[in-house]
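**Student:** Below are the chains, spelled out letter by letter.
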Amino acid sequence: MNGPGNLDRRQILAGGGALIVSFSLSDAFAQDQAAPAPAPAPAPAHPPKWIGSLKETPFLDSWVRIDADGGITVFTGKAELGQGFKTAFQQIAAEELDVPFKSLKVVTADTGRTANEGYTAGSHSMQDSGTAILNAAAQARALLIAEAARRLDVPAENLRTENGAVIAPDGQRLGYGDLVAGNLLHIQAQPESTLKDPSKYTVVGQPVPRVDIPAKVTGGASYVQDMRLPGMVHARVVRPPSYGAQLIDYDAAAIEAMPGVVKVIRSGNFLGVAAKKEFQAIKAMRALTASAKWNETARLPKQEDIARVLLGLPSQDSTIFERKNPAAVGLKTIEATYTRPYQSHGSIGPSCAVGHHVDDVTTVWTHTQGVFPDRAGIAEMLRVPPAKVRLIHAEGSGCYGHNGADDAAADAALIAREMPDVPVRVQWMRDQEHGWEPYGPAMVTKLKASLDDSGAIADWNFEVWSNTHSMRPGGAGSLLAAQHMAQPFAVPAPKPLPLPEGGGDRNAIPIYTFPNAHVVHHFIPAMPIRISAMRGLGAYHNVFSIESFMDELAIAANADPVEFRLKHLEDSRGRDVIKKTAEAFGWKKGQKAPDGRGYGFAFARYKNLAAYCAIATEIEINRETGCPRLVRAVAAVDSGQVVNPDGIINQVEGAIMQSMSWTLYEAVTFNDTRITSIDWQTYPIVRFDAVPQSIEVHIIDRPGLPYLGAGETGQGPAAASVANAVANAAGKRLRDLPLNRKKIKDAIDV
Amino acid sequence: MTITLKVNGHDHQIDADPDTPLLYVLRDDIRLNGAKFGCGLGQCGACTVIVDGKAVLSCVTPVLLLDGKQVTTIEGLGTIDAPAPIQRAFMEEQAAQCGYCIAGMMMRAQALLQRNSKPTDEQIRAELEPNLCRCGTHMRILRAVHRAAQLMDTAELSPSLEGSVQ
Amino acid sequence: MTRTRIIASAVAALLIGGGAAAFAVAWRPAIAAIEPPAPKSFDPALVKRGRDLAALGNCTDCHTVRGGKTFAGGLPVPTPFGTIYSSNITPDADTGIGTWSQAAFRRAMRSGINREGQHLYPTFPYDHFTNVTDEDDDALYAYLMTRPAVHAPTPANQLSFPLDQRFVVAGWKLLFLRRGTYAPDSAQTAEWNRGAYLVEGLAHCGSCHTPRNALGAERAGASFAGGDVDNWNAYAINARSPSPVPWDTAALFSYLRQGWHPDHGVARGPMAEVVSNLSSVDERDVHAIATYMTSVFGAPTPDQMRRGNEVLAKAKAPAVPASQTEVPGASIYAAACATCHETGRPVPYGGVNLGLSTAISGPDPRNVANIVLSGIRPVEGERSPIMPGFANSMTNDQVAAVLNYLRSRFSNQPAWTGVEKTIEEARRTQTVSLQTSPPPHNAPADPTQRDKP
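Protein chains in written order, with this note's numbering: chain A, 1 to 750; chain B, 751 to 916; chain C, 917 to 1369.
Among the hints, a few may not be true.
[As the list claims (entries may be wrong)] No more than 27 Å apart at the CA atoms, straight line, and that leaves these computed lysine-lysine pairs for BS3-like:
#1 B/Lys804 to C/Lys1232
#2 B/Lys756 to A/Lys276
#3 B/Lys804 to B/Lys868
#4 A/Lys742 to C/Lys1232
#5 C/Lys1337 to B/Lys819
#6 C/Lys964 to A/Lys592
#7 C/Lys956 to A/Lys745
#8 A/Lys293 to C/Lys1232
#9 C/Lys956 to A/Lys742
[Said to hold, decoys possible] Among chain C residues calculated to face chain B with C-beta under 10 Å, some are:
#10 Phe958
#11 Pro960
#12 Gly984
#13 Gly1260
#14 Pro1262
#15 Ile1302
#16 Phe1306
#17 Asn1308
#18 Gln1314
Hints in this document: simulated from the structure, not taken from any laboratory. Note that this is a predicted model, so its numbers are computed, not measured. All residues carry an ideal CB built from backbone N, CA and C; glycine is no exception.
Bound conformation, chain A alone:
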């Protein structure tokens, strides 16, 4: 696993009549060729309630494979993005199969080997894939016991499993490998599984160290960026200077004469160059950029005015929630408008992909979140059937949603097709990632609510204006290369993402119980800036808005923000995380923060169906400069049955830091033609200067309850908690993100 040695650890796989070079990024990849192709099969007649992705991919051996030598492989169609679920899946399978943690391997998203689980997004991995693996492993164990019972002629209930073997009352052991002869596991899942009693768990619930970290801290080949195939060339793309720019001219001859340059690739407005060595490719790209002439036509809206622009665009309006109780009468009404700018995923490592076109089959190693949908898009772009394209997931830098990954994969596919048999590594540059990734959409929310004579909310009105929150591929038109190539594909019409998860309206429906409530989603089809999914989607802004407004209402009602929330919340698990956070933070009714500081509180259940999260923060504001600093944060999370507590803590800590950075600092900038936030100078994010003194995350474990995704649950509450603490410290409410130093300074009275 260390160093460049694993260059040689590749295997030639026969598949689809093509010679496919399989690069092994880890031992999990370095296995044989007999991977089960996900068999298309009708879903079981009565799909069980909590069975995750088994619904779509019911064959057990699509999830768990046991070899004759007892080796066990677990397959997931989800992609490890740095959330650590690969380790959690291994824990789940080890637990249910009764095998040592280390005896398992986990194989992640690969269109040639794993189930199609769509995108790794929306905090779905644990709920979908984790649940599927849990049930598949439990049912596999039951089948192994049944097989042993048959062979030993002993009632199944007298058998137990331990350490990869079925054990009879007389001590006889039958190894799993001995039991799997034939297609024992090539069988459809049952609707019900006999699951292990959570009180007997020894692996699940433990903070098992992540399997990927040792390689990452010792220089192992861990990322697609680290791939080096024999004969591989380095390619760079020269993107247009602005959306829609047309390539007029460039100097191919001069560039092709440069040292190491193998080929200049041009198709319509798609321009790239490949060279033998990486720095040669960069020099060639610079020269190509300098020589390229473009006709720019983009007319971008005024950045400072984006909220007004959005409100002025045509929208499809739908009332997504309505509750009426004329008995409740509001006496005091307040209203507020909140806005969010476009924000960038800002991956530290720009997107990268390796393409290899051999005998009409294009293989792409990519850090996409969805190997299957991205394959569909790339196949359409190349105008070939999906079977002629294979996508294999390899880790990249953290993406936090739809960044440049899919586009880089398309770039690699397009360039690789122009250079048959030659592996091509495409690495985006910093300005390309920042300038071309699809951003988290700008949003506007308008809230209006009334308090009754008891200080309770009598009516609640919430309206949100937003683009879609997913322009992920599926169709080729989502991919930059397909938009830019000759005979280009049009950007597909955007669609609102359906509730209950929603997109722009994610978490727009309040979790609180109000006697009257009216929630409207204004879906805006026109997209002045390229956008797509970013961690939390609309929930980030909607929770920021709702939870800021809850504080505004609490202040209007002269109530404590925590008490005010509890007063309106029936969900007992939600109440528990609120109470836990308040207690751990030392929240006291009416407590005043020290001079120059403020306290904030916020709560949400992600999508109203995933993990619960409440966050309290303390913010310090420098009165002279307006400079805000998060001093400390305390969170409580309920994500159902805990598989790996440290993994959840790591995710929520990270969500708080990242959301704090979004909330205080971040906005994509543009002039009337071009994106101007194209690096870390122009798109600043949090640095160590601003790291708080402490972040505490408390977990409320719910043994035996379904897994609830926790990867995004912190984004909204962290934003609102920070905003509430800023309002508390500054004495003034700020409603336009980001709540940066300048806005705070302007808000503070001298």
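With chain A held as given, fit chains B and C onto it using these hints.
**Tutor:** Same frame as chain A, but now just chains B and C:
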């Protein structure tokens, strides 16, 4: 042209232009993975390596500056089986999410610890300021650097990384 | 040091004499201590005006330690005579100015005397502040007295006898302090006069930009001819300006307001904090400063105009890949500098074309050495230029080669002398700052490398 570069204790004969940034020589010619491409502009620190004991941004350091100097990358500190204190510390604190920035963080921290074995929390924060992390792993990184300082100090063997799970 | 010591001794001898002779005028009465006034007792409009004036006066820069509480003082100011610490000007009764009356504050500004009647060292630039009007002093007073009180005793100055005796300052004042408020020049516009009032008074530009004599006073007849601050060269901002492109009012205004100008580059070093403060004040005041300073610069000579147009034309021409000659500095420049400084990306996020750099045409290589070694650090959470420093990747010889190459390629000035020594010194001060600077948790927008322990 051929240049000689001393990396992780070994001399390497490299065929590269002298203006090539160290990052590409490390990744492309010597085939090391530790130093990462993040921005190529010296703004994010993902490419940080140690040159003669000091943290250097390899993406803006042309190799022509490195004649006679010693370059150390994360691969030169230790291995999975025999991790250096800073590597052990990052494993023990589980100080990574995606991990892309981590090798750079570790190299900058290592340079700090080599010249100041007992840094204060403020000194660590100040030192790491050039390096960006997007996952928000900062608290763990700080803990890991403190732990590395202790490990270097005591140099005692810690219990198994795997904790209670076999 | 030796040279400094000799001067210091001479100064000491002179001051003892002067001080003794001036003893009669040296004594000042204490002004009665007051109860710290309630913040609510000040008119908010007055406080707001005070805030802008404090920004124009750059008060935070000296009265706040990096990472410390605003206005709590304690910044060591190195002088040839020893180290003097800035005082706590928060309204803390014990360690700040909480017991100062408005009259005491006015007297300090006008005459450099504290409430107790002691002379203040002229590191507090009362030679300029004496020009500030009573109204402006009152607004500043209202602003400072409404800041949070911070208990922070000011460290004892490190001065040797007799300079540690405050009465000797009286002699200095006799020689150099010209008390009085600013007298408008009726031949000039109101805006020019406003600018002159600010520049010569509260903004105290000459404190850094005017050379000082052996006694530490600004040299008469050499106003704005270039001075020193914190191991940086504060450029001449009069007719002797080394700027390759002559300054005009529009360029000055834009530079002072936003911290950069395409023809001049980015403000850094101690100037970074000045422009950061100026970004928040009434822009008419900044324009007034620019107007006045344009007249201080004077109309550029035909020669300066020609040179300016020449370098501008060169800078705007399409970038030619830097040739790699045998000159060692040239290849380093091409590989390490040109990748940002010749991309054509506009200032401030693209590197300035070095033909436009004042530093490279400046009288000594200090500023270039500082910037090459330390770079420009990002400002937390704000769009701000970043330049990586090369202190860890270049040897002194390599830095010297680059500096000499830059000087020969990008200026029409003779080669610098003492480049190696300058680099050593720059490295030494940089090392001190790196080892001792806590993070600027609440620093204002400030990409400075200023050595603040």
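**Student:** Please go over all the hints and tell whether each is borne out by the structure.
**Tutor:** Verification of the supplied hints:
| no. | hint | verdict |
| --- | --- | --- |
| 1 | B/Lys804 to C/Lys1232 | 37 Å, violated |
| 2 | B/Lys756 to A/Lys276 | 23 Å, holds |
| 3 | B/Lys804 to B/Lys868 | 17 Å, holds |
| 4 | A/Lys742 to C/Lys1232 | 33 Å, violated |
| 5 | C/Lys1337 to B/Lys819 | 23 Å, holds |
| 6 | C/Lys964 to A/Lys592 | 26 Å, holds |
| 7 | C/Lys956 to A/Lys745 | 20 Å, holds |
| 8 | A/Lys293 to C/Lys1232 | 18 Å, holds |
| 9 | C/Lys956 to A/Lys742 | 25 Å, holds |
| 10 | Phe958 | 35 Å, violated |
| 11 | Pro960 | 36 Å, violated |
| 12 | Gly984 | 12 Å, violated |
| 13 | Gly1260 | 15 Å, violated |
| 14 | Pro1262 | 15 Å, violated |
| 15 | Ile1302 | 5 Å, holds |
| 16 | Phe1306 | 8 Å, holds |
| 17 | Asn1308 | 4 Å, holds |
| 18 | Gln1314 | 6 Å, holds |
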